[in-house]
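Peer 1: Chain A is already provided as a structure; the job is to place chain B on it using the hints.
Protein chains: 2
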Amino acid sequence: MTFTSAEFQARTARAQELMAALGFDALLLTTEPEVRYFTGFLTRFWESPTRPWFVIVPQRGKPVAVIPSIGVPLMVQSWLEDIRSWRAPDLEDDGVSLLISTLREVAGDQGRVAAPMGHETHMRMPLRDLDRVRGAVDLIPDEGLMRQLRMVKSPAEIARIAEACAIADRAFARVGEIGRAGVGLDAVFRGFQMLCLDEGADWVPYLAGGAAQGGYGDVISPATDTPLVTGDVLMLDTGLVHAGYFCDFDRNFSIGPPSAAVREAHATLIAATRAGFAAARPGARAADLFHAMDKICTGGAGGSDAGRLGHGLGMQLTEWPSLIPADHTVLEQGMVLTLEPGVDLGDGKIMVHEENILITQDGARYLSTPAAPEIAVLEGG
Amino acid sequence: MTFTSAEFQARTARAQELMAALGFDALLLTTEPEVRYFTGFLTRFWESPTRPWFVIVPQRGKPVAVIPSIGVPLMVQSWLEDIRSWRAPDLEDDGVSLLISTLREVAGDQGRVAAPMGHETHMRMPLRDLDRVRGAVDLIPDEGLMRQLRMVKSPAEIARIAEACAIADRAFARVGEIGRAGVGLDAVFRGFQMLCLDEGADWVPYLAGGAAQGGYGDVISPATDTPLVTGDVLMLDTGLVHAGYFCDFDRNFSIGPPSAAVREAHATLIAATRAGFAAARPGARAADLFHAMDKICTGGAGGSDAGRLGHGLGMQLTEWPSLIPADHTVLEQGMVLTLEPGVDLGDGKIMVHEENILITQDGARYLSTPAAPEIAVLEGG
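These protein sequence lines map, in sequence, to chains A and B. For the first sequence, position 95 matches number 95 in the numbering used here, and the numbering has no gaps at all. Take any residue in the second sequence, count from 1 to its spot, add 381: that is its number in the numbering used here.
Among the hints, a few may not be true.
[Claimed, not checked] Taking CB as the label site, the calculated pair distances span:
1) A/H328 <-> B/H709: 52 to 60 Å
2) B/G489 <-> A/T226: 41 to 49 Å
3) B/D512 <-> A/V72: 55 to 63 Å
4) B/E558 <-> A/A156: 32 to 40 Å
5) A/E379 <-> B/R493: 45 to 53 Å
6) A/A271 <-> B/A387: 46 to 54 Å
7) A/Q110 <-> B/A401: 40 to 48 Å
8) A/R112 <-> B/D490: 29 to 37 Å
In case anyone wonders, no lab produced these hints; they're calculated from the structure. The C-beta atom is built at its ideal place from N, Cα and C for all residues, glycine as well.
Extracted from the complex, chain A is given alone in its bound form:
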């Protein structure tokens, strides 16, 4: 499940290079992907909100873990050497003193300790405890350091995302086994998650979608037991995990023969995706991909309430950058993105489509097997 020590050494060296340039004495990390990025610590135990977990990246040497003792047997399997623990939960002092003393030891009494504080981040610890840390240590913004590190994926990371995409490809190819007129959307959601597991997903953290006549109104709701009927457009959007890495793409299906409007909408979505793909190369900006797709979807109106037409992905379902007009992130080889255009069919109905791509040396490569312009058809009633 984890990577070689060389992978973690490279990540840490790159972090320390950026830290030196920014004048940071240490980096304090509190969330699952941040901790895992430097340690390989992969567990579903983060589902429990009880215990805080900390990793400190020093200016030199390996990261230091400050974690609950329940995590020590797993963390000692990592490349780390300095693992400090306390018996959590401790209602009086849940690792805070240990964290403060370790930060002072690693960064120095007057050290500058940086932490991610910007867009798409949060500090996963009680605010009361964070205030105690800030009272004892000078905590400053990481200036996007973690964003910069994680946006560009290593070959080993890309291989995992590609495998997650391949698993979802195989599951989508089998939707006809579970979806047809008469089946409740909740049963389709359960069945699709089972297909993902059967095809090799470790777990399925994300499944969303919708189904309604001639398009759906919403793409983040849980499924109801309303049965599919002829004329419905069914959309399934999955983020399954393989070896700690996500895919994130969707597929549309017509229940019975599609209407002309649905056929056309789907073809427009694929044309938009292809335009986004054609614009994707090192040196292009995130906003360029937005505009390439938006031109086809809306004629250049500037997007929808979904807010963006794609994003990064990797250890999380969604990562930086955002494909929006305001995001001027310059694309680099090794970035993994989703292309996610949407079209408005009127009467509150929309359709969306999503593929996953890798930025390569001179362009891009699909990680998901790109869908055809013709919408797939499932058995009608």
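Peer 2: Frame of chain A; chain B shown alone:
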């Protein structure tokens, strides 16, 4: 998926009563269970870290939602009337101005705005943005208000947790279909998640476990492809979700006939669980259940590195209180708890067991079907 308006009215009225007693003008909430508690807003979209979501509970009247526009079609289905939105992600101002102006409007310019800041909580928004809010609004600790509200479950909540437990019961009864000597632990994990879905789980956010000769060393690691062999003890611990509510319990299985040590350890775990159950009633303290179980597991040594012998559960896999010596929470009718004793078999091997219970008027009731003292046996090689 959601509850009646009466349920949300009751929750809000109880919150407002506590707010009045504590002198709070508003309550600011940022995490999934907190937002859902007052709105019923149920979506797996929280898997994406990109967008912040806010709910404000005023002194009087319904809660106010301040959310990304992508969530509006789902939130308008709730009992809320005042839903304010912005097109996220906005890299310059991701809802912060809108949040501040709404807080000032709801709480008054000099209003006291409380937020959860204690154990098991965090603020799910960028720290940079949180600092902006704290610069404009007097943000104070909620004094455990949300903890107090959520620890006692309503009959409608209890029914959902009970159904989640029943689904897991049925899945555990079918483990013989997927687990036997020769099968990799990763395949068992995949197969068990499929059984949970097949039995009615909406999704399976948590599955952990272990398998090794005569006990396991760790209960939070992901599965490897090492095949089960005769003499292994397999443990599966699941937190599956039904209608937004969790179960959280485990089962042990011996691959082939169990050794005397394993048989005895399992019987001890069940005896400890029964002792915890016998101690569980309104008026007892969380610590009392710890000591009842610990006396049987260790003779009263005071626990292990796991840190606790059970906890609350509900909208999250783990909730307050903690069954530890230091937690003096007085149990009340309507609390849902896990009993989770562990025994040390030496050589770094442990075994754990877990059941889910409800505190009733005069005692407790099992929500999971309690396991027998005899460990279940799967086919050996």
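Peer 1: Run every hint past the structure and note whether it holds.
Peer 2: Hint by hint, here is what the structure shows:
no.	hint	verdict
1	A/H328 <-> B/H709: 52 to 60 Å	holds, 54 Å
2	B/G489 <-> A/T226: 41 to 49 Å	holds, 44 Å
3	B/D512 <-> A/V72: 55 to 63 Å	violated, 33 Å
4	B/E558 <-> A/A156: 32 to 40 Å	holds, 35 Å
5	A/E379 <-> B/R493: 45 to 53 Å	violated, 59 Å
6	A/A271 <-> B/A387: 46 to 54 Å	holds, 49 Å
7	A/Q110 <-> B/A401: 40 to 48 Å	holds, 45 Å
8	A/R112 <-> B/D490: 29 to 37 Å	holds, 35 Å
Comparing the model with each numbered hint stated earlier shows that hints 3 and 5 do not hold.
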